[in-house]
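Enquirer: As a plain string of letters, each chain reads:
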Amino acid sequence: MKGAERSLIKVLLLDWSSIKFAFGVIFGMAFSIAVILCTIGLMDGFETTLKQALAKTQGDIYFYSKNGFFNLNQHEKDILNSLKIDSYSEYIETEAFLIDENASQAVLLRGINLDTYPKVTGLEARPQLGGVVIGTELALKLKVSVGQDVVVALASGNRNFKGLPLIIRLRVDGIVEHGIYQKDLRLMYVNLSDLQTWLNTENKINVVTAKIQDQSTEAHHALEVDQMVYELGDRLGFDFRVRPFWHEFSTLIEAVKVEKIMIGLILQVIVVVSIFNVIAFTTFINERKSKELFLFRALGLSQKRLASGWFMLVFILWSSAILASNVFVWVFDWLLANWSFLHLPGDIYYLGRMKLNLETGDYLLVFLVSLIWVLLLASYSLIKLSRQSLLSGLRKEFN
Amino acid sequence: MTIINAVDVKRNYGDQWAVNGVTLSLNKGDHLAIKGASGSGKSTLLYMLGGLERPSHGAIKIDGLDLVKSSDQALANFRNQKVGFVFQFHFLLSTLTALDNILMPVRIAGLKEKKYLAVIDQYAERLGVKSCLKKFPFQLSGGEQQRISIMRALILSPPVLLCDEPTGNLDSVNSANVIDLLKELSKASGSTLIVVTHDDAVAQKFDLRMHMQDGKLLVN
Numbered sequence: 002m003k004g005a006e007r008s009l010i011k012v013l014l015l016d017w018s019s020i021k022f023a024f025g026v027i028f029g030m031a032f033s034i035a036v037i038l039c040t041i042g043l044m045d046g047f048e049t050t051l052k053q054a055l056a057k058t059q060g061d062i063y064f065y066s067k068n069g070f071f072n073l074n075q076h077e078k079d080i081l082n083s084l085k086i087d088s089y090s091e092y093i094e095t096e097a098f099l100i101d102e103n104a105s106q107a108v109l110l111r112g113i114n115l116d117t118y119p120k121v122t123g124l125e126a127r128p129q130l131g132g133v134v135i136g137t138e139l140a141l142k143l144k145v146s147v148g149q150d151v152v153v154a155l156a157s158g159n160r161n162f163k164g165l166p167l168i169i170r171l172r173v174d175g176i177v178e179h180g181i182y183q184k185d186l187r188l189m190y191v192n193l194s195d196l197q198t199w200l201n202t203e204n205k206i207n208v209v210t211a212k213i214q215d216q217s218t219e220a221h222h223a224l225e226v227d228q229m230v231y232e233l234g235d236r237l238g239f240d241f242r243v244r245p246f247w248h249e250f251s252t253l254i255e256a257v258k259v260e261k262i263m264i265g266l267i268l269q270v271i272v273v274v275s276i277f278n279v280i281a282f283t284t285f286i287n288e289r290k291s292k293e294l295f296l297f298r299a300l301g302l303s304q305k306r307l308a309s310g311w312f313m314l315v316f317i318l319w320s321s322a323i324l325a326s327n328v329f330v331w332v333f334d335w336l337l338a339n340w341s342f343l344h345l346p347g348d349i350y351y352l353g354r355m356k357l358n359l360e361t362g363d364y365l366l367v368f369l370v371s372l373i374w375v376l377l378l379a380s381y382s383l384i385k386l387s388r389q390s391l392l393s394g395l396r397k398e399f400n
Numbered sequence: 017m018t019i020i021n022a023v024d025v026k027r028n029y030g031d032q033w034a035v036n037g038v039t040l041s042l043n044k045g046d047h048l049a050i051k052g053a054s055g056s057g058k059s060t061l062l063y064m065l066g067g068l069e070r071p072s073h074g075a076i077k078i079d080g081l082d083l084v085k086s087s088d089q090a091l092a093n094f095r096n097q098k099v100g101f102v103f104q105f106h107f108l109l110s111t112l113t114a115l116d117n118i119l120m121p122v123r124i125a126g127l128k129e130k131k132y133l134a135v136i137d138q139y140a141e142r143l144g145v146k147s148c149l150k151k152f153p154f155q156l157s158g159g160e161q162q163r164i165s166i167m168r169a170l171i172l173s174p175p176v177l178l179c180d181e182p183t184g185n186l187d188s189v190n191s192a193n194v195i196d197l198l199k200e201l202s203k204a205s206g207s208t209l210i211v212v213t214h215d216d217a218v219a220q221k222f223d224l225r226m227h228m229q230d231g232k233l234l235v236n
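Chains A and B supply the protein sequences, listed in that same order. Take any residue in the first sequence, note its place counting from 1, add 1, and you have its number in this note's numbering. Take any residue in the second sequence, note its place counting from 1, add 16, and you have its number in this note's numbering.
Worth flagging that the hints you see were computed from the coordinates, not collected in a lab. A hint or two may mislead.
[As the list claims (entries may be wrong)] Calculated pairs, DSSO-like style, for lysine-lysine (alpha carbon to alpha carbon, straight line, at most 30 Å):
no. : chain 1 : residue 1 : chain 2 : residue 2
1   : B       : Lys77     : A       : Lys292
2   : A       : Lys212    : B       : Lys128
3   : B       : Lys150    : A       : Lys292
4   : B       : Lys77     : A       : Lys305
5   : A       : Lys385    : B       : Lys98
6   : A       : Lys385    : B       : Lys26
7   : B       : Lys131    : B       : Lys44
8   : A       : Lys21     : B       : Lys151
9   : B       : Lys150    : A       : Lys11
10  : B       : Lys131    : A       : Lys52
11  : B       : Lys85     : A       : Lys385
12  : B       : Lys26     : A       : Lys305
13  : B       : Lys128    : B       : Lys146
14  : B       : Lys130    : B       : Lys85
15  : A       : Lys57     : A       : Lys356
16  : B       : Lys131    : A       : Lys120
17  : A       : Lys305    : B       : Lys131
18  : A       : Lys11     : B       : Lys44
19  : A       : Lys205    : A       : Lys85
20  : A       : Lys292    : A       : Lys57
21  : B       : Lys150    : A       : Lys21
22  : A       : Lys67     : A       : Lys57
23  : A       : Lys305    : B       : Lys146
Note that this is a predicted model, so its numbers are computed, not measured.
Next up, chain A with everything else stripped away, as it sits in the complex (with noise of 0.2 Å):
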């Protein structure tokens, strides 16, 4: 910046008032960037955690056989090691009863192996022969600990006395966190061949899980996600089910997809309001400061310095406000993950404590927007200004 634009700057800027006022203008724009922002990071970090809770809970793909219990045979495993897949593990879900002193809670049980499903999943749940793993709020809600003992009632099974369920007991092995509230609340893991002996199954299981061999960033892994859906469901045949690992929870993701791009929209008032300020803001520089601009171009400074000036002045407005906003977004984030205020209720919204998810693209695409705003309105001044004849303006204003 050439010290003419430079004196301009200071010659604008800095008096009492239009600093008061470029600091409101500032915190305004700063702050309706900042809600952009903070909206899109929720949705989006809704839909992060929600999916990675769930891959954490059913790994990147399941499977299962439309005739219920089966045998992964030879050529169901060769097609899965002939795809990119990472890992698989075999398990068995049932629902189940916890029997609690007072009332009894359904759950789901799933019986798995110890050596493939965390490697699958990355939950680190190894319940023993005899031992079961429970999520957290269920721990918290049974007031049970590592250790102690929980009874399960399982529909069928019941070997000594047909019809009646059959009752076991089983030690807490471990405590788990998915991150999704309903999770939390009903998955219960026993080993694998306790849950068989239960069911009478011998070695045959109800679901398949795979981990895909991806390395991609989390918007190309959905895609590869899909992508190994189609394939594996095109080898595995008609028997077959394969479904992604938010399926369960696809219509709630579709959901806020579109919530995402409705307050977007509805965002706009704010953007607008905001832009207020800023028209507000060239209007005041304009006509409290017209004198020092004529002054400077009566002095010799060219239309086109006086813009390249103006346009500084605005981005060094627009740029305060980028950074201001960048501090705002921050601060909300950790009131998210700190403030107890802002614990949402894990039971409506599946997820206990929300995050901000912004990538690159969603900063950029909100700055971009804000800039081409305020430099439009920027030109909207100075086009008003240089239109004034340079005569007109110094007798306008100095007389």
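For chain A, the structure is supplied; the task is to place chain B on it using the hints.
Expert: Here is chain B on its own, set in the frame of chain A:
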């Protein structure tokens, strides 16, 4: 050597002719006073000669530059380096110090400030405003402000010095001092000086005097 050559210059605002057919030719180093009542068109003529306003009709050539046909950029350069303006109300920028105000044409020209600091020192010494350089305009008296604005007009040694009622806000003693100063400084730098005034006493200090009436320039 002719430095200012204006031929049949006219300027209208709607139906009104502020300047109506002025022809003027001045040599390098001439000192001219243009006297006239308020609204006679003298300031409009001055601003046209200074490249602040384009005429509706006629031709103006100053130091070889055709002001009518020049681009905005060329006119801006002309205002910066070929003309020095002294205005009635001083027109100093209130948020800058007196020194920064004086240096403004240097900054606009993109020249090195350091080179001009010695010149400023000399002028300030001569004009008795050395102690004012670091002060802001509101800390200066009217006479001091006017001397600072004269220094700003002269800092780049322009060939033409245009003064619009430079003594309008000063008492008679200060007025006489300022006019003497303008004449002396322009003589020293070889600048052509045009002073527009409604004050007869100011006009009387010039050998070359003209009178502006209804947009026409008449020789006294």
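Enquirer: For every hint, state whether the structure bears it out.
Expert: Structure-based check of all given hints:
Simply put, Lys77 (chain B) and Lys292 (chain A) have alpha-carbon atoms about 28 Å apart, close enough for the 30 Å limit, and the pair holds. The straight-line distance between the Cα atoms of Lys212 (chain A) and Lys128 (chain B) is roughly 67 Å, outside the 30 Å bound, and the hint therefore fails. Only pairs whose Cα atoms come within 30 Å are accepted, and Lys150 (chain B) paired with Lys292 (chain A) is accepted, the gap being roughly 22 Å. Under the criterion of a C-alpha separation no larger than 30 Å, the hint pairing Lys77 (chain B) with Lys305 (chain A) is consistent with the structure, at around 24 Å.
Under the criterion of a C-alpha separation no larger than 30 Å, the hint pairing Lys385 (chain A) with Lys98 (chain B) is consistent with the structure, at around 28 Å. A distance of roughly 26 Å separates the Cα atoms of Lys385 (chain A) and Lys26 (chain B); the hinted pair therefore holds under the 30 Å criterion. At roughly 26 Å between alpha-carbon atoms, Lys131 (chain B) and Lys44 (chain B) fall within 30 Å of each other, so this suggested pair holds. Our distance criterion of 30 Å between C-alpha atoms is met by Lys21 (chain A) and Lys151 (chain B), whose separation comes to about 24 Å.
A distance of roughly 16 Å separates the Cα atoms of Lys150 (chain B) and Lys11 (chain A); the hinted pair therefore holds under the 30 Å criterion. Among the hinted pairs, Lys131 (chain B) with Lys52 (chain A) is inconsistent with the structure: their alpha-carbon atoms are about 67 Å apart, more than 30 Å. With a C-alpha separation of about 24 Å, the suggested pair Lys85 (chain B) and Lys385 (chain A) falls inside the 30 Å cut-off, and the hint holds. A hinted pair counts as satisfied when its Cα atoms are at most 30 Å apart, and Lys26 (chain B) with Lys305 (chain A) qualifies at roughly 28 Å.
Proximity of Lys128 (chain B) to Lys146 (chain B) is assessed by CA-CA distance (about 21 Å); at most 30 Å being required, the pair is judged to hold. At most 30 Å may separate the alpha-carbon atoms for a hinted pair to count; Lys130 (chain B) and Lys85 (chain B) exceed this at roughly 35 Å. For the hint linking Lys57 (chain A) to Lys356 (chain A), the alpha-carbon distance of about 17 Å falls within 30 Å, and the restraint holds. For the suggested pair Lys131 (chain B) and Lys120 (chain A), the alpha carbons sit about 74 Å apart, so the restraint of at most 30 Å is broken.
The hinted pair formed by Lys305 (chain A) and Lys131 (chain B) meets the criterion: a straight-line CA distance of about 26 Å does not exceed 30 Å. Under the criterion of a C-alpha separation no larger than 30 Å, the hint pairing Lys11 (chain A) with Lys44 (chain B) is inconsistent with the structure, at around 37 Å. Using a Cα cut-off of 30 Å, the hinted pair Lys205 (chain A) and Lys85 (chain A) holds, with the two alpha carbons roughly 25 Å apart. Between the alpha carbons of Lys292 (chain A) and Lys57 (chain A) the distance comes to roughly 66 Å, so the proposed pair goes past 30 Å and is violated.
As the CA atoms of Lys150 (chain B) and Lys21 (chain A) are separated by approximately 26 Å, the hinted pair is consistent with the 30 Å bound. Simply put, Lys67 (chain A) and Lys57 (chain A) have alpha-carbon atoms about 24 Å apart, close enough for the 30 Å limit, and the pair holds. For the suggested pair Lys305 (chain A) and Lys146 (chain B), the alpha carbons sit about 35 Å apart, so the restraint of at most 30 Å is broken.
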